[in-house]
Amino acid sequence: MRSAENRFRTAGARIVLVGMASPPECRAFLQKFDLPFPMIADPERELYRRFHLERMSPLRVLSPGMLVKGVAALSRGHLPGVPQSDVLQLPGVFVIGAEDRVCRAFAPTDPAGHPSPDDILKAVADCPGGPAPPRP
Amino acid sequence: MRGDDLRVSNVAVTLADESKARLDRLRGDAVLVLVFLRHFG
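Here the protein sequences come in this chain order: Y and G.
Take the first sequence: its position 62, counting from 1, is numbered 62 in the numbering used here, and each next residue is one higher.
Take the second sequence: its position 18, counting from 1, is numbered 18 in the numbering used here, and each next residue is one higher.
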């Protein structure tokens, strides 16, 4: 996402991260990975629930498919750290456009099911955006 | 579709810098891409 930031900006999109962590933990995360995005601190996972993002079952974490994905991540140099917050919470990406409505939801059923930046950019292009109507 | 029943106009959030915001204000005139992360670590 970071490498695609300019493409998102050019497309008229603004990326905002949401993390299951306190504000200081989110600041440390942004600093550690040098991420230029605003970030919402959601330690109680209220926003995750509002967007109906589910938790996966513990058995899913231990499934052969997840093991294969974990080994693949290790081979790319992604070493596992000590997990913080809820390891069963699934991620997601939501594209929100005109009238502040969700026009595309990516809600994977496993944690490795991230949409690619190209997938998200296509959703942005297909999303009626622009200024929201004036509010009273 | 998940979230399609949700309007973000009145959703208040806390940002990493501890300021409060509303999602619609974060969107401004842009298309907002909300990226929900997994756990850190």
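Mixed in with the good hints, there may be bad ones.
Said to hold, decoys possible - To give a feel for the contact side, a few chain Y residues facing chain G, derived at Cβ under 10 Å:
no., residue
1, 20
2, 27
3, 38
4, 42
5, 96
Claimed, not checked - Just some of the chain Y residues that point at chain G, by a computed CB distance under 7 Å:
no., residue
6, 14
7, 40
8, 49
9, 56
10, 67
11, 68
12, 71
13, 85
14, 87
15, 92
16, 113
17, 117
18, 121
19, 124
Read the hints as simulated data drawn from the structure, not as lab findings.
On a predicted model such as this, the values are computed, not experimentally measured, just so you know.
Glycine residues also receive a C-beta, built at the ideal position from the N, C-alpha and C atoms.
- Message: Min Cβ distance, residue 96 of chain Y to chain G: is it shorter than 10 Å?
- Response: Check passed: Cβ of residue 96 of chain Y comes within 4 Å of chain G, closer than 10 Å.
- Item | Restraint satisfaction for residue 117 of chain Y [CB to CB of chain G, less than 7 Å] | 10 Å, violated
- Query: Holds or violated: is the Cβ of residue 14 of chain Y closer than 7 Å to a Cβ in chain G?
  - Reply: 4 Å, holds
- Message: Hint validation: residue 124 of chain Y versus chain G, beta carbon distance must be below 7 Å. Holds or violated?
- Response: 5 Å, holds
- Query: Would the hint on residue 92 of chain Y stand, with a C-beta cut-off of 7 Å toward chain G?
  - Reply: At 4 Å from the nearest chain G Cβ, residue 92 of chain Y passes the 7 Å test, so the hint holds.
- Message: residue 38 of chain Y was flagged as interface toward chain G. Is the shortest Cβ-Cβ separation under 10 Å?
- Response: Where the cut-off is 10 Å and the nearest Cβ of chain G is about 6 Å from residue 38 of chain Y, the hint holds.
- Message: Checking hints one by one. Is residue 67 of chain Y an interface residue toward chain G, by the C-beta closer than 7 Å rule?
- Response: Hint on residue 67 of chain Y: violated, closest Cβ of chain G at ~17 Å, above 7 Å.
- Task: Against chain G, run the beta carbon of residue 71 of chain Y and see if the smallest gap drops under 7 Å.
- Result: It is violated, given that the least Cβ distance between residue 71 of chain Y and chain G is near 18 Å, above 7 Å.
- Hold the hint about residue 56 of chain Y up to the distance rule: shortest CB distance to chain G must be less than 7 Å. 10 Å, violated
- Classify the hint on residue 85 of chain Y as holds or violated, based on whether any CB of chain G lies nearer than 7 Å to its CB. 4 Å, holds
- Message: Tell me if the interface restraint on residue 68 of chain Y is satisfied: Cβ within less than 7 Å of some Cβ in chain G.
- Response: 17 Å, violated
- Message: Can you verify the interface hint for residue 20 of chain Y: is its Cβ closer than 10 Å to any Cβ in chain G?
- Response: 6 Å, holds
When the structure is compared with the earlier hints, violations turn up for hints 8, 9, 10, 11, 12, 16, 17, 18 and for no others.
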